[in-house]
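Chemist: Chains as they are written, first to last, in the numbering used here: chain A, 14 to 342; chain B, 161 to 371.
Don't read these hints as lab results, they were simulated from the structure. Do not take every clue at face value.
What the hints assert, rightly or not - Partial chain B-side listing against chain A, Cβ under 7 Å, derived: (1) Gly196; (2) Asp197; (3) Gly241; (4) Arg280; (5) Ala320.
Positions of the beta carbon are idealized from the N, C-alpha and C atoms, including for glycine.
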Amino acid sequence: MKKFINDVNHMLTESLSGFAAAHADLIELNLEPNFLTRKNKSKNKVAIISGGGSGHEPLHAGYIGYGMLDAACPGQVFTSPTPDQMLAAAEAVHMNKGVLFIVKNYSGDVMNFEMAAEMLPFEHATILTSDDCAVINSTYTTGRRGVAGTVLIEKCVGSLAETGADLKTCKTFGDKINARTASIGVALTSCTVPAAGRPTFDINDTELEMGVGIHGEPGRRREAMREADAIVKDMLDAILADLKPQKNQEVLLLVNGFGATPLMELYLLYNSAAKLLNTHGIQITRSLVGNYTTALDMAGASITVCLLDDEIKQHWDSPAHTPALRWGI
Amino acid sequence: MSLKTSFICESAIAIRNDILSHEAEIESLDRAIGDGDHYVNMKRSSEVIAGLVDELKPLSPDEALNKIGMKLLSTIGGAAGPLFASFFMGMAKIVKHNGASNPLETAAAFAAGVQAIMQRGKAELGEKTMLDVLIPTSTTFTLSAAGDNKVTEICKAVKAAADQGLENTRNLVATKGRAAGLGERSVGHLDAGAKSCQVMIHAVCNLLLKS
Numbered sequence: 014m015k016k017f018i019n020d021v022n023h024m025l026t027e028s029l030s031g032f033a034a035a036h037a038d039l040i041e042l043n044l045e046p047n048f049l050t051r052k053n054k055s056k057n058k059v060a061i062i063s064g065g066g067s068g069h070e071p072l073h074a075g076y077i078g079y080g081m082l083d084a085a086c087p088g089q090v091f092t093s094p095t096p097d098q099m100l101a102a103a104e105a106v107h108m109n110k111g112v113l114f115i116v117k118n119y120s121g122d123v124m125n126f127e128m129a130a131e132m133l134p135f136e137h138a139t140i141l142t143s144d145d146c147a148v149i150n151s152t153y154t155t156g157r158r159g160v161a162g163t164v165l166i167e168k169c170v171g172s173l174a175e176t177g178a179d180l181k182t183c184k185t186f187g188d189k190i191n192a193r194t195a196s197i198g199v200a201l202t203s204c205t206v207p208a209a210g211r212p213t214f215d216i217n218d219t220e221l222e223m224g225v226g227i228h229g230e231p232g233r234r235r236e237a238m239r240e241a242d243a244i245v246k247d248m249l250d251a252i253l254a255d256l257k258p259q260k261n262q263e264v265l266l267l268v269n270g271f272g273a274t275p276l277m278e279l280y281l282l283y284n285s286a287a288k289l290l291n292t293h294g295i296q297i298t299r300s301l302v303g304n305y306t307t308a309l310d311m312a313g314a315s316i317t318v319c320l321l322d323d324e325i326k327q328h329w330d331s332p333a334h335t336p337a338l339r340w341g342i
Numbered sequence: 161m162s163l164k165t166s167f168i169c170e171s172a173i174a175i176r177n178d179i180l181s182h183e184a185e186i187e188s189l190d191r192a193i194g195d196g197d198h199y200v201n202m203k204r205s206s207e208v209i210a211g212l213v214d215e216l217k218p219l220s221p222d223e224a225l226n227k228i229g230m231k232l233l234s235t236i237g238g239a240a241g242p243l244f245a246s247f248f249m250g251m252a253k254i255v256k257h258n259g260a261s262n263p264l265e266t267a268a269a270f271a272a273g274v275q276a277i278m279q280r281g282k283a284e285l286g287e288k289t290m291l292d293v294l295i296p297t298s299t300t301f302t303l304s305a306a307g308d309n310k311v312t313e314i315c316k317a318v319k320a321a322a323d324q325g326l327e328n329t330r331n332l333v334a335t336k337g338r339a340a341g342l343g344e345r346s347v348g349h350l351d352a353g354a355k356s357c358q359v360m361i362h363a364v365c366n367l368l369l370k371s
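Please model the entire structure based on the sequences and the hints provided.
Modeler: Here's what the structure looks like:
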């Protein structure tokens, strides 16, 4: 393992401190328990809080700010944060209009946010994101995982909350976007959790992992490495089978890097995906390409498609000012 | 066999020692079908609880168990935090109400802890999780204690049940936890969470067998 580290036990604190210092105009950091809040608070809105394991930067703290999150709770690397963090964050940012948790559907995150919600003295609701269509949903599994589609939900629900919408309306909107969004990821290499010091899984130069999760957890199957167009076709086949879009449907296309894949390749994937969606008569009217939900130093990418409607478009286009997403303001 | 605070403290130290000495085994299981953070979490949490011993000593057994639960809840994170916390807090509740002054009462408290894990994780036997060790262990503990066996016999039976439960996870398809995404590919591997529980159960039983 070769990484920039002073002491592996202090890595998270040092990184959070750097993040807060670099974005001192937008962010305030509290340590022990760890949570980050927005500096310029809105006056009267639903408080939106997310959180999850670290290692997915800029998710979630990078999306704190006007038009998105009020607070984020970072856990240890790839490990859910704990209820005391969520309770302290809620205490710090709630504005008497309720607290809305946005939680990726991983059992650790779900259970910790659930225990926090049980102890929360305010009105609250939770949006569980589950856009990863690589995991087949059934009553026997924990269900689909929440991955890069979470960013769209944080953006759009954050925008709606900014208009003063109530807790129930915000939650319903988030659930709607989640139901209209599907993602699938591919890994070319493993990631290395700093505390573990070695790659999470073994994969050789001729293989890829189709359907990988954002912690390097294996997905659908190990497959042979092949040209980008063929990989993208398989990814979009899974997404389209899940979303079943009508002809002429407007979509948002997100090509997300996992941390070690250059933008040049991400744009190549975008090009490939756009051509394919066009042949299906699907109109891409919103796009995002970059590292928005990463998995440490994993090489690979995910594709996310969201079926747009006027409400989602309006809240996607509305201004946001956060460390990682900023437009219109 | 009664559950005294001093025994809870000795168990905390023994568990930490045994988790640390099984690092390679637990870690390689998690790398095979998990996501690589299980051992790190077990290490951190067992060290934190072992470090809590001086604070636990003046407490009653139920208070000590509850404090362990609360500490785990704010320390581990991941799924393991709420699950282990629920175990200790569930156990504490029963110890507070009924006491744990003999093997049968202690077995009842253990069973309540296992129940609490099942509720929090919405999981059952046969899903390739720690419950595949904990549920049969709990059943054996209760049956053996009810059969008026000596502590040494109860411990041997409980250790054997934990070993068998762990071995059973090898051929299960994971339907809960991080390995669930693997489906059939999880077959052939032992579950890392089940392994950690087997290690901890052995640690506590060995402590009793020594005394």
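Chemist: Can you give the numbers of the hints that this structure goes against, from lowest to highest?
Modeler: Hint 5 contradicted; others consistent.
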